[in-house]
Amino acid sequence: MLKYNNKGFVLAETLIVTVFVAGVLIYLFIQFSNLSSLYNESYSYNTVESLYALEDVVDFIKSDALALSSIKENVKDEQYIDISNCNIFISQEYCEKLFELENIDTILVTMDNIPNGAITSYDSGFLDFISSISRTDNNQYRLIASFNNSTYATLRFGE
Amino acid sequence: MKRGFTLVELITTFALTAVIIVLLLNVVIIIRNLYTSSNVKTQLYIEQSLLSDALNSKMRDNNLSSYEECEDKVEGEFCYTFYFKDATIYTLTVSESKITFDNFVYNLDNYSRAGIPEIRTETVIDSDVELESKKILIIKIPVECDLYPSIDYGINLIYQYL
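Chains A and B, in that order, give the protein sequences. Counting in this note's numbering, the final residue of the first sequence is number 159, and the numbers go up one at a time with none missing. Counting in this note's numbering, the final residue of the second sequence is number 162, and the numbers go up one at a time with none missing.
In case anyone wonders, no lab produced these hints; they're calculated from the structure. Note that beta-carbon positions come from the ideal geometry of N, C-alpha and C, so glycine has one too. A few of these clues could be false.
Stated by the list, open to error - In silico DSSO-like links for lysine-lysine, alpha-carbon gap of 27 Å or less: (1) A:K97 x B:K98; (2) B:K73 x A:K72; (3) B:K98 x A:K62; (4) B:K134 x B:K41; (5) B:K140 x B:K73; (6) A:K97 x B:K135; (7) A:K62 x B:K58; (8) A:K62 x B:K134; (9) A:K97 x B:K134.
Unchecked claim - Residues of chain A placed beyond 12 Å of chain B at every Cβ, according to the derived structure: (10) Q79; (11) I81; (12) S84; (13) A118; (14) S134.
Between the sequences and the hints, there should be enough to build the whole structure, so can you do that?
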């Protein structure tokens with residue numbers, strides 16, 4: 001007479017448990033990934049040194065009245081302008097030297113309430129940083145910069 | 001009815017258990033190392049920020065006038081005195097294990113050391129603006145960490161004599 005073995009699990013039970021455990025592990029992995037990216041961001045976004053570097057740039061911009069008014073006009077028309085090449089400044093050599101010493105790779109001037117998606121033609125790291133900036137509905141201007149050491153910073157400055 | 005396990009079953013079980021324990025131990029060691037190194041990294045970034053803030057805020061708030069190397073400095077230490085327009089004087093000293101500026105003291109841990117500081121003034125004579133020259137003060141204090149040798153945890157400060 002054949003022995004009927006009723007120990008063990010049927011296929012359906014095994015599959016259900018496997019799917020459940022896999023789901024929990026995937027959820028935990030996603031949470032860990034989010035934490036890990038936030039942790040890395042905290043080291044590369046808005047460091048103290050990069051914020052002071054942008055303050056230096058603001059001081060320089062405000063010392064050049066013509067450039068400042070040109071920036072204000074252009075930003076209102078075009079939403080953002082790239083001042084990395086220093087063409088807009090009278091003291092172009094000084095500007096280039098300043099950006100070189102501050103390790104600035106790319107620097108933009110925008111309105112503070114620039115809509116998401118308005119800036120597109122830059123590398124993904126820079127675009128991710130730009131999308132993380134919280135915007136307000138005021139009429140202030142904003143500097144957004146990427147540095148050669150892969151850090152990013154943004155600073156608001158007024159009229 | 002026979003109870004118990006055969007020798008082969010026991011050996012297989014122990015072998016599998018040993019493999020799982022080794023894997024789990026590896027994970028624990030990795031997480032422990034990650035915890036230690038992230039603590040070190042976090043502390044380095046905090047000290048970097050504090051040092052940068054201490055120097056930058058003094059330079060900006062008090063308006064730097066000039067600087068010079070200290071007359072009486074200790075061997076193995078770099079020392080600079082900064083003179084400000086409001087008649088205040090602050091001293092920056094950098095040794096391999098300690099950086100001080102005014103009341104701010106940064107004691108580097110066993111993993112880190114400060115390098116040779118670079119303090120210089122660059123004069124930019126702009127050919128677009130006749131006879132105008134502008135000066136920029138550069139203060140670089142490199143800090144390296146054995147755990148993260150490719151990253152500089154020091155400061156790179158620029159002061160514009162605008």
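Here is how each hint holds up against the structure:
1. Annotation: proposed proximity of A:K97 to B:K98 is violated, straight-line Cα distance about 31 Å (limit 27 Å).
2. The hinted pair formed by B:K73 and A:K72 fails the criterion: a straight-line CA distance of about 49 Å is larger than 27 Å.
3. Annotation: proposed proximity of B:K98 to A:K62 is violated, straight-line Cα distance about 37 Å (limit 27 Å).
4. Of the pairs offered as hints, the one joining B:K134 and B:K41 is violated, with about 37 Å between alpha carbons and a cut-off of 27 Å exceeded.
5. Between the alpha carbons of B:K140 and B:K73 the distance comes to roughly 19 Å, so the proposed pair stays at or under 27 Å and holds.
6. Distance check on the hinted pair: A:K97 and B:K135 sit about 11 Å apart at the alpha-carbon level, within 27 Å; holds.
7. For the proposed pair A:K62 and B:K58, the alpha carbon gap of about 21 Å is at most 27 Å, so the pair holds.
8. Restraint check for A:K62 and B:K134: the C-alpha separation of about 15 Å stays at or below 27 Å, so the hint holds.
9. Between A:K97 and B:K134 the alpha-carbon distance is near 11 Å, which keeps this suggested pair within the 27 Å criterion.
10. The beta carbon of A:Q79 sits about 28 Å from the closest Cβ of chain B, which is more than 12 Å, so the claim that it is off the interface holds.
11. For A:I81, the condition that its CB be more than 12 Å from all CB atoms of chain B holds, with the nearest at approximately 20 Å.
12. The claim that A:S84 lies off the interface holds: its Cβ sits roughly 17 Å from the closest Cβ of chain B, which is beyond the 12 Å cut-off.
13. Distance to chain B confirms A:A118 as a non-interface residue, since its nearest Cβ pair spans about 30 Å, more than 12 Å.
14. The beta carbon of A:S134 is kept farther than 12 Å from every beta carbon of chain B, the shortest such distance being approximately 21 Å.
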